[in-house]
Every structure is written in C-alpha cells, then in structure tokens.
Amino acid sequence: MEILIKNGYVYDPINKIDGEKMDIAVKDGKIVESVGSNAKVIDASNMLVMPGGVDIHSHIAGSKVNSGRILRPEDHYKDVEPRTTVTRSGVGYTVPSSYTIGYRYAKLGYTTVIEAASPPLKTRHTHEELNDIPLIDKTCYLVLDNNWIVLDYLSQGEIDKCAAFIAWILKALKGYAIKIVNPGGVELWGWGRNVESLDDQVPPFNITPREIVRGLCKINKILNLPHTIHLHTNNLGKPGNYRTTIETMDAVKDLADGKPNIHVTHVQFCGYGGDTWITLRSGAPEIAKYVNNHPHVTIDLGQVVFGEATTMTGDGPFQFILQSLTGNKWKNADVEAEGSAGIVPYKFKRKNFVNAIQWTIGLELALLIKDPWRVFLTTDHPNAGPFTEYPRVIAWLMSTKAREKTMERINKRAKKRSVLPSVDREYTFYEIAIITRAATAKALNLTNKGHLGVGADADIAIYNINPMEVNPSKEYKKVRKALRRAAYTIKGGEIIVKDGEIVKSFVGETFWVKPTMPEELEKEILREVAEKFKEYYTVSLENYIIGEHELARSRSITVNTSL
Amino acid sequence: MGEIILKPKVAFKVPIIAETITPDNFAGKSIKEIEDLEAWEGNRKTTLGELFEITGAPGETPKDTKIIIEGDVKKVKKIGCKMTDGEIIIKGSVGMYLGEEMKGGKITVEGDADSWIGTRMKGGQIEVKGNAGDYIGAPYRGDTKGMKKGTIIIHGNAGNEVGCWMRGGTIIVKGNTGLFPGIHMKKGTILIEGDCAGRCGAMMKGGKIAVLGYVPSILPSFTFEEIKKSFKIKGEKIKGPFYVFTGDLNENGAGRLHVSVEKNKHLQFYEKFLE
Numbered sequence: 066m067e068i069l070i071k072n073g074y075v076y077d078p079i080n081k082i083d084g085e086k087m088d089i090a091v092k093d094g095k096i097v098e099s100v101g102s103n104a105k106v107i108d109a110s111n112m113l114v115m116p117g118g119v120d121i122h123s124h125i126a127g128s129k130v131n132s133g134r135i136l137r138p139e140d141h142y143k144d145v146e147p148r149t150t151v152t153r154s155g156v157g158y159t160v161p162s163s164y165t166i167g168y169r170y171a172k173l174g175y176t177t178v179i180e181a182a183s184p185p186l187k188t189r190h191t192h193e194e195l196n197d198i199p200l201i202d203k204t205c206y207l208v209l210d211n212n213w214i215v216l217d218y219l220s221q222g223e224i225d226k227c228a229a230f231i232a233w234i235l236k237a238l239k240g241y242a243i244k245i246v247n248p249g250g251v252e253l254w255g256w257g258r259n260v261e262s263l264d265d266q267v268p269p270f271n272i273t274p275r276e277i278v279r280g281l282c283k284i285n286k287i288l289n290l291p292h293t294i295h296l297h298t299n300n301l302g303k304p305g306n307y308r309t310t311i312e313t314m315d316a317v318k319d320l321a322d323g324k325p326n327i328h329v330t331h332v333q334f335c336g337y338g339g340d341t342w343i344t345l346r347s348g349a350p351e352i353a354k355y356v357n358n359h360p361h362v363t364i365d366l367g368q369v370v371f372g373e374a375t376t377m378t379g380d381g382p383f384q385f386i387l388q389s390l391t392g393n394k395w396k397n398a399d400v401e402a403e404g405s406a407g408i409v410p411y412k413f414k415r416k417n418f419v420n421a422i423q424w425t426i427g428l429e430l431a432l433l434i435k436d437p438w439r440v441f442l443t444t445d446h447p448n449a450g451p452f453t454e455y456p457r458v459i460a461w462l463m464s465t466k467a468r469e470k471t472m473e474r475i476n477k478r479a480k481k482r483s484v485l486p487s488v489d490r491e492y493t494f495y496e497i498a499i500i501t502r503a504a505t506a507k508a509l510n511l512t513n514k515g516h517l518g519v520g521a522d523a524d525i526a527i528y529n530i531n532p533m534e535v536n537p538s539k540e541y542k543k544v545r546k547a548l549r550r551a552a553y554t555i556k557g558g559e560i561i562v563k564d565g566e567i568v569k570s571f572v573g574e575t576f577w578v579k580p581t582m583p584e585e586l587e588k589e590i591l592r593e594v595a596e597k598f599k600e601y602y603t604v605s606l607e608n609y610i611i612g613e614h615e616l617a618r619s620r621s622i623t624v625n626t627s628l
Numbered sequence: 003m004g005e006i007i008l009k010p011k012v013a014f015k016v017p018i019i020a021e022t023i024t025p026d027n028f029a030g031k032s033i034k035e036i037e038d039l040e041a042w043e044g045n046r047k048t049t050l051g052e053l054f055e056i057t058g059a060p061g062e063t064p065k066d067t068k069i070i071i072e073g074d075v076k077k078v079k080k081i082g083c084k085m086t087d088g089e090i091i092i093k094g095s096v097g098m099y100l101g102e103e104m105k106g107g108k109i110t111v112e113g114d115a116d117s118w119i120g121t122r123m124k125g126g127q128i129e130v131k132g133n134a135g136d137y138i139g140a141p142y143r144g145d146t147k148g149m150k151k152g153t154i155i156i157h158g159n160a161g162n163e164v165g166c167w168m169r170g171g172t173i174i175v176k177g178n179t180g181l182f183p184g185i186h187m188k189k190g191t192i193l194i195e196g197d198c199a200g201r202c203g204a205m206m207k208g209g210k211i212a213v214l215g216y217v218p219s220i221l222p223s224f225t226f227e228e229i230k231k232s233f234k235i236k237g238e239k240i241k242g243p244f245y246v247f248t249g250d251l252n253e254n255g256a257g258r259l260h261v262s263v264e265k266n267k268h269l270q271f272y273e274k275f276l277e
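Chains as they are written, first to last, in this note's numbering: chain L, 66 to 628; chain E, 3 to 277.
Derived by calculation from the structure, the hints in this document are not laboratory data.
It cannot be assumed that every hint is accurate.
[What the hints assert, rightly or not] Keeping only pairs whose Cα atoms sit at most 16 Å apart, straight-line, the calculated EDC-like set for lysine to aspartate or glutamate is:
id	chain 1	residue 1	chain 2	residue 2
1	E	Lys47	L	Glu146
2	L	Lys143	E	Glu238
3	E	Lys147	L	Glu139
4	L	Lys143	E	Asp145
Here chain L stands alone, though its shape is the one from the complex (with noise of 0.2 Å):
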C-alpha cells in the first residue's frame, strides 16, 4: 500500500527537521522518496506529523501488570470501551486491558512501547501478553541485577563468563536489555531486609550494589547491547535518595567512552531531597546539575499526574514501605532465585504536601536537564499515572501558564519549597519530539525508529493542530486535546487510526536481541547453568527457554559482542 502525507508541518529532530512543510511518502511499510499518482493521500495541511511515539519505559505485560488488573476490580468498572467491529472490549484506566493497551497507545499516537521489568522466569508469562496486544512493536527488558547466578558469577569476579550468561538469557527469553532494579536491595528482601546505601554488603554474595552495577555496565559493553543499563536506584521512595541516584551515576562514569553507558529510571521517585516526609524536598535541581555536566547519563521522568494510579515494581521492600504509609491493599510476590515484585494502589492527590513535591520533581528535572536528548518523557506506566495522560504532562512542560494554573490547586507549603515558579523555560514542538520519540528511539539504538528518513519504518502520528498558528505557551488546552486523540496514526505503512478511532487492528512486532557467541562458550556455559539450575530452580531448564515460534511477530537483532 502506497501512502502520500501531503503539506503538514513536520518534527523529525533525528534528520533535523523543525516544523517544515513537507510530504511524506510512505510504501510497504518503509518511508520512501517518493510514490506512483496512485497512492492514498492523506491532506495534512494544518497538521502536526511527527514520528510515531516510542515509550521507553512502561509497565504493560507480564505477570505483575496481570496480578495488578487481578487486585483492582475497582480500577475497571467506571473505564469499560465497548467492542467495536475492529476492536475488541475491554476495561480498565491505570491497569488497562491488553488489547486495550495497545488501542490506547495507537491513539495517542504511540508506536513503539518498552516493558520495563520482566523477571526472566516470568518472561514467557510477558511474551504471551504482549502476543495480545495489539498495533505497537514492543520488547522487554529482563531484570537481572538480582539474578543468583549473575550474582555468583559478579562476586567471583568472572566477568565474561557473566557476560556470555547474559547474552545466552537475552537470547533465550527474547529479551532486549538488562534491566537493574534495586541492586542487592531485593535479594536481601528475601530475608527481610534491604541495602541503604551502594557499598552495604549482600552477605550471601559477599557483593555490593555498586560493584553489580559497575559489573553489569561492563557486561553491557562487552555485548555491545543495543540499550545501555536500565537502573531503577537503591532506596527509591525515600526522602534524601537524590544523593544514592547521584551516586549511582558516578559509580560508572569512568566506563563511560563519550557515549550513554547508564539509563536511571523513573527519576522522580529517586529525586527526593530532605531527611523525612515533613522535611522533604525536590532534589530535582543537584540531579539536574549532575546530568548537565556528565553526558553519560539518560533519565526519564516518572512525572506524576493526579490521579489514580497502581504502583507496581520489582522493588518488593519499596512496595513493602508504601503498604505501610499508605494501608492500602498490598501485593506481594518471590521470584525464585531472581527477585520479587509488589503491587500497591495508590492516589496521587494535588493537597497532599508530598504529592504535590513529587509532581514538581518531575517538571523541575524535564525543564532543568538543558540537553532534551537525555531526558525523556514517562509517567512509569502506571506508577505515576496511567500513559493515557501523556498529553497533560506535555501541556505542563509547554506553557509555564499550564503549570501555574496546576500549581495554585496544589499544597501550598509544597509549592513554596519548590523552584518550579522560577523555571520559565518552556518546550517547544520540536523539543516534545525529541523527548517521546527521537531520543527515546536513539537511546534504545532502534534505527528504524523515531524518525521519518528515507528507509525509517513507516510509523508517524498526525495530530489535529497547527503548530504555526497555536501559541502552545497560551492555548495549552488545545495542544492537550489534540494530542490525545492523533487524527491520524500509521503503523508499519498501514493506517491504524482515523480521527482518534482504531480503524485496522493487527498485531506489532516483538524485537528481541541475539548476542553473537563463539560456540565453545555457549556450551560451556550452557553446563554451568544446567548444573546451577538443578540446585537453585523448581522449574527444568527446557522449560525455562523460549521458542521463537512462541512470539506472535518475532525480530531478532543481531547484535555482534566482543565475546
């Protein structure tokens, strides 16, 4: 199918284009030079074309996110979309259904979405989840930090044996990175206890956080892998942890080579500054600094948005401390030999004073970070707020009018603390761009992604709005209103929404990397990990592997390691 986009203003900042008038010639999927007269017209005049979104960071399938919908009946029933003849029904707001996930995304004009934490053993379980949802190419990334066996490996010092481990895991679960999650942290959650700081012993292990961070981002390297290390901190969701992010950071400066070499996420739950709740404060601006002058570093947000929200991580004593300030309903899970997981509802409520400084934390780091290629743009799906209120968080960064107008209905002690009022910065289109679809795409290493260059795979948003004529900085109602609904979304050459509505449904592809391994390694570690699956597992080893067949549209990358 052939596809010509004609006269809309476009934003690729990958190939540099700001808000130029151009079409876009679109064919088998693949952005083309051009197109025969006989390809479907799309009038863009007086619209915003942009690639088509990628989230680098949100929680869409797998076991938790299911065990998540299983403890939140009360999250479904006032958010019910009925079927329609493409669509199937579903339920749900900060949990939504799968296919509803991905129905979701398209109309926001989402293309591309990251699952960020999938424990290895529960990896088929996200595999077969993310098969349902439909329209978006999606991975996920495999939480490893906490993983016995790369624990063994790391204390002993057996870097690249580690390292051809996780390239086999990478390859045998059809992950795309190593994810962190609380190094140490989580493996002493198994006897009830946590690491405060990144030298605090791990005693079965006899290994600290920073030297499984250091140990993964040289694993990382070697394998040459397309994402760099995607690190959720130590002593996330309490107040003063802006120091451990901070720390966390430096501990692998020196193995940086002028490239990226670590990813924090969700920076507004490790951006607290203060030593309690009631001394708390944004620890926004030191992090801020600390990334401006050390280019080694991306972040996403985390930014929250009011609301109802489902906390759900991998961080089990993190989930563990919110059960207990909150009350709430709690869910609490083990991974044997590779981690845990907690799920915990929460309301992110605008009087509440440590609400309110969370929200401002997110905003401070967005407008404060200089460079918009390392910062990008995540309400950590769902633990912040759902994605469907991308948009919102977008009016924020810009129109400082959007924030002042949020900020006089929130707690006003939280208001006084924060620098957010002093900040005038406001993002333009082309800076929205960079942080929801071109750096995202850059830093995940996706090539075909994120931008609309000649070769680039064919997935573009178009929004209803004239970037020419709206003043974003005033009229941030209509930026808001129009980007929740795309008027147009294209996936893979195919058009798959109309006028905010999913006119096609077919299922996206899942990319996954294949680390190059010299044979006689992989065999020998193949015995190694036969043997230590005996004595750490209740599952075999033939069961633990995943099929390629099991994947509904499977995309290896081969990435070639110095193995």
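Using the hints, position chain E against chain L.
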C-alpha cells in the same frame, strides 16, 4: 406532583441495566422522550420504551417527580442511579445496585431487593419492605469507599456484609443479618433488630453497631468495655442494656459494638472483667 408509571411489558429473562430510571432523567420530559432513554438488555442496547409500558406525566423538576414501577423488576439493575431528588416506588421486587451513588430523594421497595443496594450512596433514603441481599451500602468490589450519608431501612432480613466499608449514614435492619455486618466500617451506624449470624464489626476502624438479638460470639480482637443502658440512633433512644465492645484491635480500630444483654446469656462471662 407528576407521577409516571412503568409496567414491564414481559417477564424479563436476561439482566437489564437501566440506570436511566431516575427522577432526574425523567423530569420535564415527554413520554416519547422517556421511551427513548437508553438501557441495556443483556449485551444489546435497547430503550425504556421497548421494555416498559410508560404512562403518566413527570413533574417539571426531579423534586416533584414520582416514578412508580408496577410489577416485578428482579432482573433490572441500577434503578435510581445517582438520583438527587424525587421518589421511586417499586411495587414488587427489584434487582441489584438499587440507588447506586444516590444523593437524595427516596426509594421504596414493596417486595424484596437484591444485593448491593445503596452502593456508594451519598444521601437520601432507601426503604425495603421485604428482604434484602448482601453488601448493603458497600462499595464496588475492591474499592474502599462505601456508603457516605443517607439511610437504608430493611424491614425483613439482610444478607452478609451489611455496611461494608461504610463511611457514614445509617442502616437499620429490622430482621436478621448474615455474617460480617460492618466489616471494614469507618464511621456511621448499623442497627440490627434481629439476630446476627456472627463476626460483627470485623476489621472495623470506627462507627457504631448495635445488635438487639442473638450473636453467637464476639471476635477475639474486640475488648469488653462496659454495660450500657441504652443506645442512641438518629436522636432516638433504644433501651438495652447492652454489652459494649471496642475494636477491631487488629486494625487499631475504635469502633463500638453493642450487643443486647438479655438475648445473649452466653456472653455473661464478660461481666467478670468489670470487677
């Protein structure tokens, strides 16, 4: 006052969701407009006109609109949803979620009512002449915000978990109740004039429960406080005497549970704690 009468055209076989049957939706409308209001019959969208024979004339405002349902509407859910004023009289039995989130007005049921009546209720009054099902005044499953204000009176018996997660208001059951009345309750009053099947006030944090009939036992997480002569509900004194317990201590709760002394001779051993 405008009166409007709804008569089911046939005996309903599949569940019907008719949240449009409220004085707020009917007020100031013609019969034709009311007939066109939406309803769901199973998985099929339909209209009130398809389901009911509608006669009479509604008032100008919800306040002077009275809806009378003549016949059995056991299969019809969500009647009186979010109503703010006016009156609904059901001359028969009614289905689930009667008066969901209602804010004012009055609903009278002359037959029985099903479960979840007055769910997340915020005001007004529901009176059931017959029996009622489970979860009276409770929130939706998984939610923690139950009935906030208003009154529910059941003349017959009620099922399990009366006043679950209740945050205020009054529930009076003239007959017996099932297990767990006042579970998770935070505030408000529950009066049970008959017997209770047990486990009163489990996990309650506040509020008051009084049982005038027989209670098999008191949960071990309640402490015995005193013997009181009377119990006050809506300014009215109810004569006792009552054993008074505080709990649920598992939840650091300070709810008050009153149990009739006269009907519960087997609880006499508590009296020795008074000395």
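Checking one constraint from the list: CA of Lys147 of chain E to CA of Glu139 of chain L, max 16 Å. Satisfied? holds, 10 Å
Just to be careful, I want the Cα atoms of Lys47 of chain E and Glu146 of chain L compared with a cutoff of 16 Å; is the pair within it? Judged against 16 Å, a Cα distance of about 14 Å means the pair holds.
Given hint Glu238 of chain E paired with Lys143 of chain L - CA-CA distance at most 16 Å: violated, 39 Å
When you check the alpha-carbon spacing of Lys143 of chain L and Asp145 of chain E, does it fall within 16 Å? holds, 12 Å
Checked against the numbered hints listed earlier, the structure breaks hint 2 alone; every other hint is satisfied.
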